[in-house]
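Enquirer: Protein chains in written order, with numbering that gives the first Met the number 0: chain V, 0 to 291; chain R, 0 to 458.
You may find that some hints are simply not true.
Stated by the list, open to error - In silico DSS-like cross-links for lysine-lysine, where the CA-CA straight-line distance does not exceed 30 Å:
(1) R:Lys69 / R:Lys102
(2) R:Lys158 / R:Lys197
(3) R:Lys249 / V:Lys227
(4) V:Lys227 / R:Lys104
(5) R:Lys102 / R:Lys249
(6) R:Lys69 / R:Lys104
(7) R:Lys78 / V:Lys123
(8) R:Lys287 / R:Lys78
(9) R:Lys353 / R:Lys69
As the list claims (entries may be wrong) - Residues of chain R placed beyond 10 Å of chain V at every Cβ, according to the derived structure:
(10) Val125
(11) Gln126
(12) Pro147
(13) Asp180
(14) Gly207
(15) Asp274
(16) Ser305
(17) Ala357
(18) Thr428
(19) Gly429
(20) Thr450
(21) Ala451
Simulated from the structure, these hints should not be mistaken for lab results.
Note that the Cβ used here is the ideal one computed from N, Cα and C, for glycine as well.
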Amino acid sequence: MKARTYPFYFAGGALALYLIFFVIPSIMGIFYAFTDWNSYSTEVNFIGLNNFRTIFSSGAGQNYLHFIRNTIIFTITTIFLKTAIALGLALLLTGGIKRLSYFHRVVMYLPAVLPILVVSLVFKSILNPATGLLNTFLRNIGLDFLAQRWLVDIHLALPSVIAVDTWRGVGYIMVILIAGLMAIPDEYYEAASIDGASGLDSFWHITIPLLMPVLTVTTVLNLLYGLKVFDIVFVLTNGGPGRATDTVYTAIFDEFSKGRYGMATTLSTLLFFIMIILGYFVIRLMHRETEG
Amino acid sequence: MKRLVIVLGMLLLGVMLIAGCSASPAAPSATEPAATEPTAAPAAVEPTAAPAAQQEPVTLTYMASQGWIKDAELELAKKFEEQTGIHVDYQIIPADQYFSVLKTKLNSGEATDIFGGQSGKTDLQVQYDVEKNAVDLSGEEWVSRHEPLSLDMVSLNGKVYGAEIWDTVASNYFVVVYNKDIFEQHGLSVPSTFAEFKDVCQTLLDAGINPIYEPISDGWHHVLWFPMVGPRFEEVDPGLADQLNANTAKFADVPVMQEAMTELNELYQMGCFGDNALSDAFSDTNAKLASGEYAMSVTTLTAPVSIETDYPDVPAQTFGFFPMPLADNTLAPAHPAGPSKFIYSGSPHIDAAKQYLAFLMAPENLQYLLDNTPDFAALNFSGLQAKWTPEQQAFLDTFPAKSIVYQDAVNYVNPQWMDIGKDMVGMFTGSMTPEDVLASIDQRRADMAATAKDPAWAQ
Numbered sequence: 000m001k002a003r004t005y006p007f008y009f010a011g012g013a014l015a016l017y018l019i020f021f022v023i024p025s026i027m028g029i030f031y032a033f034t035d036w037n038s039y040s041t042e043v044n045f046i047g048l049n050n051f052r053t054i055f056s057s058g059a060g061q062n063y064l065h066f067i068r069n070t071i072i073f074t075i076t077t078i079f080l081k082t083a084i085a086l087g088l089a090l091l092l093t094g095g096i097k098r099l100s101y102f103h104r105v106v107m108y109l110p111a112v113l114p115i116l117v118v119s120l121v122f123k124s125i126l127n128p129a130t131g132l133l134n135t136f137l138r139n140i141g142l143d144f145l146a147q148r149w150l151v152d153i154h155l156a157l158p159s160v161i162a163v164d165t166w167r168g169v170g171y172i173m174v175i176l177i178a179g180l181m182a183i184p185d186e187y188y189e190a191a192s193i194d195g196a197s198g199l200d201s202f203w204h205i206t207i208p209l210l211m212p213v214l215t216v217t218t219v220l221n222l223l224y225g226l227k228v229f230d231i232v233f234v235l236t237n238g239g240p241g242r243a244t245d246t247v248y249t250a251i252f253d254e255f256s257k258g259r260y261g262m263a264t265t266l267s268t269l270l271f272f273i274m275i276i277l278g279y280f281v282i283r284l285m286h287r288e289t290e291g
Numbered sequence: 000m001k002r003l004v005i006v007l008g009m010l011l012l013g014v015m016l017i018a019g020c021s022a023s024p025a026a027p028s029a030t031e032p033a034a035t036e037p038t039a040a041p042a043a044v045e046p047t048a049a050p051a052a053q054q055e056p057v058t059l060t061y062m063a064s065q066g067w068i069k070d071a072e073l074e075l076a077k078k079f080e081e082q083t084g085i086h087v088d089y090q091i092i093p094a095d096q097y098f099s100v101l102k103t104k105l106n107s108g109e110a111t112d113i114f115g116g117q118s119g120k121t122d123l124q125v126q127y128d129v130e131k132n133a134v135d136l137s138g139e140e141w142v143s144r145h146e147p148l149s150l151d152m153v154s155l156n157g158k159v160y161g162a163e164i165w166d167t168v169a170s171n172y173f174v175v176v177y178n179k180d181i182f183e184q185h186g187l188s189v190p191s192t193f194a195e196f197k198d199v200c201q202t203l204l205d206a207g208i209n210p211i212y213e214p215i216s217d218g219w220h221h222v223l224w225f226p227m228v229g230p231r232f233e234e235v236d237p238g239l240a241d242q243l244n245a246n247t248a249k250f251a252d253v254p255v256m257q258e259a260m261t262e263l264n265e266l267y268q269m270g271c272f273g274d275n276a277l278s279d280a281f282s283d284t285n286a287k288l289a290s291g292e293y294a295m296s297v298t299t300l301t302a303p304v305s306i307e308t309d310y311p312d313v314p315a316q317t318f319g320f321f322p323m324p325l326a327d328n329t330l331a332p333a334h335p336a337g338p339s340k341f342i343y344s345g346s347p348h349i350d351a352a353k354q355y356l357a358f359l360m361a362p363e364n365l366q367y368l369l370d371n372t373p374d375f376a377a378l379n380f381s382g383l384q385a386k387w388t389p390e391q392q393a394f395l396d397t398f399p400a401k402s403i404v405y406q407d408a409v410n411y412v413n414p415q416w417m418d419i420g421k422d423m424v425g426m427f428t429g430s431m432t433p434e435d436v437l438a439s440i441d442q443r444r445a446d447m448a449a450t451a452k453d454p455a456w457a458q
């Protein structure tokens with residue numbers, strides 16, 4: 000340790016900036032979760048765990064647990080859907096389809112390049128029950144019974160948002176998985192086929208284990224994105240119908256705009272800890288699988 | 000030890016750097032374009048410009064929400080600049096973000112010289128804290144000409160804090176606008192009870208016509224059905240608003256409120272609002288009414304005139320009006336609260352701002368604003384010439400406004416408007432009952448009262 004080339008304080012400037020702009024505000028943020036900070040008063044009073052108590056006791060009109068439930072459903076479903084579809088597409092575009100495979104990759108990736116706002120506004124119009132493209136198409140081909148009230152039916156709204164988000168996010172995950180697949184040496188597959196392994200065997204015993212580090216990355220990315228989801232929900236349904244699709248971040252936005260800063264900070268603090276805990280376990284779990 | 004000193008030194012340097020960046024003298028405003036003429040700006044003394052013997056040209060900044068500032072007012076601002084050399088810089092903010100921006104500016108002490116705000120006692124006290132943030136205007140000349148109900152909406156504890164230049168009747172009344180031709184074709188007459196109203200809807204549904212265009216997707220419009228029936232609540236239960244404000248009554252316990260909320264849900268479940276109400280938008284109201292696709296909608300008294308402007312082959316006389324008939328209501332609502340103008344107490348140009356407000360409210364300028372604003376039929380000041388259509392006049396004569404709507408009369412209702420809207424959609428889609436919606440309103444009122452340290456909720 001004594002053989003360091005540069006003394007410790009060379010990092011001091013960067014450290015000071017990091018401390019001032021990241022560490023201190025974060026700690027202050029967590030502190031505000033224990034206060035009644037709001038826009039109606041200049042006083043900030045310490046109120047202990049009251050905000051947390053409100054979240055977990057959910058009285059009339061304050062369905063915080065419902066928002067957390069929605070966020071978790073959204074996150075888990077999108078992780079599975081995006082990973083499964085992206086893996087299927089990645090396999091197709093690296094092995095199955097030879098012709099124009101680069102073109103297909105670009106097409107699949109395109110939604111990830113578009114701003115979420117634009118995607119959401121376009122889908123909002125496509126999914127309009129009366130005038131939307133989807134229902135008009137379904138009615139024109141005689142499938143009237145499939146024409147649903149996508150974003151305004153209480154049971155379909157969240158699945159519709161999940162579907163749109165999957166469509167938008169799958170290309171991004173696919174590109175990462177393609178890179179992972181291309182890094183697996185062909186020799187393994189050749190050796191396996193000489194030993195008489197079927198395609199499915201190779202997939203389970205070569206592709207998946209070797210792809211695991213990449214899958215860990217995509218899962219963590221999807222997890223963090225899912226827990227923080229805001230814009231797509233905000234534009235597509237604004238948490239509606241009623242509060243059926245409200246997530247933690249739309250609730251935070253709502254609290255902030257009502258001037259209840261303390262409560263909003265509590266929600267984001269809670270989410271911060273959930274993210275740290277889940278992220279840690281996901282990485283450990285998937286890391287162990289690759290080792291085992 | 001030496002290392003510690005160095006690290007601490009670096010930290011100190013960083014802090015000083017940041018402090019240096021943020022510390023600026025209390026400048027009046029960052030956006031101060033110079034006015035064109037250096038003419039005298041009476042009473043606007045600038046203590047910052049010490050060496051200059053001449054008065055400096057003043058720019059007043061004015062922040063308002065979209066839709067609050069009419070073109071005619073901008074014209075008046077130009078005229079004001081010609082006369083006094085004081086430039087008025089209007090900053091218009093999109094409606095859905097306005098209150099967040101305004102509250103942030105007020106809280107950080109950076110509000111514009113004049114700021115717009117919705118009037119009403121709760122808003123004045125809780126949203127803008129006018130006693131701290133706004134200038135007392137009680138001594139101004141125009142106060143005596145301001146209509147008393149409107150004046151009350153911009154006053155708090157006996158002092159006038161704002162000026163509400165608005166058409167509080169034609170632009171503020173939300174009533175049922177109906178297509179007279181459709182009613183006539185199906186032998187329908189204006190309903191006076193909820194049962195009759197339901198029959199009207201059923202007849203129209205049977206005839207394949209959508210009864211009511213109700214744009215729920217905007218989030219605010221369907222809420223109108225409830226607090227706008229306030230005069231009826233007051234008629235059935237005299238003194239209810241006072242009891243609600245004193246926290247001796249709760250929405251959820253009032254039978255007439257339960258009745259109104261249940262009936263609104265009934266209308267939705269009957270299909271009176273059409274299949275697509277949850278996706279319908281307010282901006283399409285004129286088109287839907289003009290096309291005859293829908294027979295009715297809840298909108299303002301000026302809607303027929305603006306329909307005629309948009310669709311010249313549909314004359315304004317096609318439409319008539321009646322009050323929202325929930326809970327057998329037959330009363331027109333008085334709704335004196337509206338967009339108002341306040342002078343920021345931290346403004347360095349308070350006198351110039353007062354001068355501008357006095358200019359806007361000079362009788363000839365008010366008349367100019369009224370004559371040149373299509374949405375206005377009258378203004379809330381005495382001594383002006385109104386421009387009612389025969390249909391509007393007939394409505395005003397038939398349905399007198401007895402008492403004021405509940406978003407004005409009852410505290411902590413207006414600020415939770417959009418939340419009530421979300422709960423109502425929950426009711427329409429079956430996740431909440433009418434009782435839940437009312438209980439939820441009570442809950443939010445209690446939260447707001449606690450934040451505002453309202454003594455009625457203290458025990």
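Enquirer: Determine for every hint whether it applies to the structure shown.
Expert: Hint check:
| no. | hint | in the structure |
| --- | --- | --- |
| 1 | R:Lys69 / R:Lys102 | 23 Å, holds |
| 2 | R:Lys158 / R:Lys197 | 46 Å, violated |
| 3 | R:Lys249 / V:Lys227 | 37 Å, violated |
| 4 | V:Lys227 / R:Lys104 | 27 Å, holds |
| 5 | R:Lys102 / R:Lys249 | 29 Å, holds |
| 6 | R:Lys69 / R:Lys104 | 23 Å, holds |
| 7 | R:Lys78 / V:Lys123 | 45 Å, violated |
| 8 | R:Lys287 / R:Lys78 | 39 Å, violated |
| 9 | R:Lys353 / R:Lys69 | 20 Å, holds |
| 10 | Val125 | 6 Å, violated |
| 11 | Gln126 | 8 Å, violated |
| 12 | Pro147 | 28 Å, holds |
| 13 | Asp180 | 24 Å, holds |
| 14 | Gly207 | 16 Å, holds |
| 15 | Asp274 | 7 Å, violated |
| 16 | Ser305 | 23 Å, holds |
| 17 | Ala357 | 31 Å, holds |
| 18 | Thr428 | 4 Å, violated |
| 19 | Gly429 | 7 Å, violated |
| 20 | Thr450 | 5 Å, violated |
| 21 | Ala451 | 6 Å, violated |
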